[in-house]
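J.: Now for the letters of each chain:
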Amino acid sequence: DIVMTQAPLSVSVTPGESASISCRSSKSLLHSNGITYVYWYLQKPGKSPQLLIYRMSNLASGVPDRFSGSGSETDFTLKISRVEAEDVGIYYCGQLLENPLTFGSGTKLEIK
Amino acid sequence: EVQLVESGEGLVQPGSSMKLSCVASGFTFSNYGMNWIRQAPKKGLEWIALIYYDSSSKYYADSVKGRFTISRDNSKNTLYLEMNSLRSEDTAMYYCARDEGAWGQGVMVTVSS
Chain G
1 DIVMTQAPLS
11 VSVTPGESAS
21 ISCRSSKSLL
31 HSNGITYVYW
41 YLQKPGKSPQ
51 LLIYRMSNLA
61 SGVPDRFSGS
71 GSETDFTLKI
81 SRVEAEDVGI
91 YYCGQLLENP
101 LTFGSGTKLE
111 IK
Chain X
1001 EVQLVESGEG
1011 LVQPGSSMKL
1021 SCVASGFTFS
1031 NYGMNWIRQA
1041 PKKGLEWIAL
1051 IYYDSSSKYY
1061 ADSVKGRFTI
1071 SRDNSKNTLY
1081 LEMNSLRSED
1091 TAMYYCARDE
1101 GAWGQGVMVT
1111 VSS
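Same order as they appear, the protein sequences are chains G and X. Mapping to the working numbering: the first sequence position 69 is 69, numbers consecutive. The working numbering runs 1000 ahead of the 1-based position in the second sequence.
These are computed hints drawn from the structure, not numbers from a lab.
In silico negatives: residues of chain X with every beta carbon more than 12 Å from chain G:
| hint | residue |
| --- | --- |
| 1 | Tyr1053 |
| 2 | Thr1078 |
| 3 | Ser1112 |
Stretches of chain G that chain X covers, calculated by requiring three or more beta carbons in the stretch to come under 8 Å of a beta carbon on chain X:
| hint | stretch |
| --- | --- |
| 4 | 50-58 |
| 5 | 85-96 |
| 6 | 99-108 |
None of the values given here were measured: they were computed from a predicted structure. Here a beta-carbon is modelled for each residue, glycine too, at the ideal position from N, C-alpha and C.
Work out the full structure: start from the sequences and follow the hints.
T.: Structure representation (C-alpha cells):
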C-alpha cells in the first residue's frame, strides 16, 4: 500500500498569514498519462471532508484561490495564503493512483 | 449542486448486518466511480470500497473484504454498502464519495453489544 506521510501534525497561524502543509508518498504518484494523483481535503469541525485540490494542483469548484497545491512525484505541498478563521480544521492529503486509496494522518490548522 | 445523501445509520450488535444507501444528485451518477470511506471516532480516513461507473469492477480494503459488498443502481442514482459480520472495529462514520469529487455528510454506524 502507498503510505502518505503528512507534516506537521498541527499548525497555528495568525489570520492574514500563510501556511504550508507537506505530504510525502512512499511511491511516485505520477501516472504514465502525466497526471499526478494526489488530492487535498479539508475536514471542518463536525463536517465531512471537502475536496480542495485534485490532481496535485487543480483547484476544486468553489474553493477560494487562496489555496494552491504543488509538488513533484512524491513530495507535495498545500499552501494557504492569507489564512482566514473559516480555514480551521484538519487537512488530509490522499492518493488516488492505486487501490487501496490511502490518506495522510492529517494536519490540524488552528488560528492564533 | 452536487449532493450525496447517505442513510441507514444505526446501532447494531456484533455479528449482525446492515445496509447503507447514498443517493446522488446534481451530476450524472452513471458517469462516475463511487467510493465508501469511513472514519472511526477521533481517527483518520480509511477507504473501504470502490465501484466503477458501470459496476464492472469493485475493489475492497483488506479490512472489509469478504464481509462488505458495494453496489449501485444507476437508474436510481443510488450507491449501496451491504455490511455483514459486523465487528466493534467497524464502528465509524461512513461517507460515500464521488471519484475526485464531493463527499456526503456521512452516517454513523455503531457496532456494540
